[in-house]
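Protein chains: 2
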Amino acid sequence: MTDVTKITSGSLIAADKVNGTDVYNPTGDKLGTVDDIMLDKKSGQAIYAVMSFGGFLGMGEKQYPLPWSALTYDETKGGFVVNVDKKRLENAPTIDEEDFVWTPDYGRSVDKYYGAPTYW
Amino acid sequence: MTDVTKITSGSLIAADKVNGTDVYNPTGDKLGTVDDIMLDKKSGQAIYAVMSFGGFLGMGEKQYPLPWSALTYDETKGGFVVNVDKKRLENAPTIDEEDFVWTPDYGRSVDKYYGAPTYW
Chain A
179 MTDVTKITSG SLIAADKVNG TDVYNPTGDK LGTVDDIMLD KKSGQAIYAV
229 MSFGGFLGMG EKQYPLPWSA LTYDETKGGF VVNVDKKRLE NAPTIDEEDF
279 VWTPDYGRSV DKYYGAPTYW
Chain F
179 MTDVTKITSG SLIAADKVNG TDVYNPTGDK LGTVDDIMLD KKSGQAIYAV
229 MSFGGFLGMG EKQYPLPWSA LTYDETKGGF VVNVDKKRLE NAPTIDEEDF
279 VWTPDYGRSV DKYYGAPTYW
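These protein sequence lines map, in sequence, to chains A and F. To convert a position in the first sequence, counted from 1, into our numbering, add 178. To convert a position in the second sequence, counted from 1, into our numbering, add 178.
If you're looking for bench data, these hints aren't it; they were derived computationally from the structure. Mixed in with the good hints, there may be bad ones.
A pair counts as met if it fits within one copy or between any two copies, since identical chains are not told apart.
Claimed, not checked - Below, simulated DSS-like cross-link-like pairs (lysine-lysine); rule was C-alpha separation at most 30 Å, straight line:
| id | residue 1 | residue 2 |
| --- | --- | --- |
| 1 | Lys265 | Lys219 |
| 2 | Lys220 | Lys265 |
| 3 | Lys240 | Lys220 |
| 4 | Lys264 | Lys220 |
Quantities reported herein were computed from a predicted structural model and do not represent experimental measurements.
Build out the structure end to end from the sequences listed, making use of the hints.
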């Protein structure tokens with residue numbers, strides 16, 4: 179069986195390959211790693227990348243949704259660049275609560291935090 | 179750590195959750211299962227779902243790229259519906275060769291097979 183995660187054309191990339199991609203700030207510090215992508219069900223448009231950051235062996239790790247539009251793929255770095263520094267990231271919206279429910283209000287707060295046009 | 183694959187809002191779905199989703203034809207026959215999603219790198223738009231079908235324990239299984247625009251999510255079935263019967267699927271373009279390279283020509287042939295507007 180072909181490993182679909184290896185299949186990329188010049189312009190396409192497999193979602194499985196995006197997961198695990200590093201995320202950097204513009205000065206080159208690694209902020210975290212993409213865990214998953216949130217897509218609009220109907221259009222199939224990626225709206226958020228969910229980035230994990232910090233912790234050790236999965237404990238204490240936090241997950242941050244980043245608006246897709248705030249991410250730029252940097253070929254030379256082999257990762258995404260988002261215009262936010264580590265310090266600011268510490269106060270960014272997370273989705274770590276056990277009973278987390280994604281509401282439009284929460285989505286708007288995420289988009290606002292990163293100065294991204296809102297999806298909601 | 180929160181399992182991001184469980185997080186859905188009304189309109190968003192995690193890519194990891196799409197993977198494993200069943201694909202049906204309009205008469206309700208199961209055609210296969212989504213293995214991965216191919217996204218446009220820049221826009222983050224889902225262009226193809228890669229569906230696996232047939233085989234046993236991963237042997238003899240084939241992988242078919244389906245244009246995203248040819249898929250409809252059916253809430254009652256809990257899966258995607260694509261307008262193609264099993265027989266026609268047997269001759270559909272696959273990506274199983276070890277040395278597979280995704281070219282624009284290949285992409286156009288996939289889009290044409292399903293009567294979808296071409297991405298290329």
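List, from low to high, the hint numbers that the structure doesn't satisfy. none
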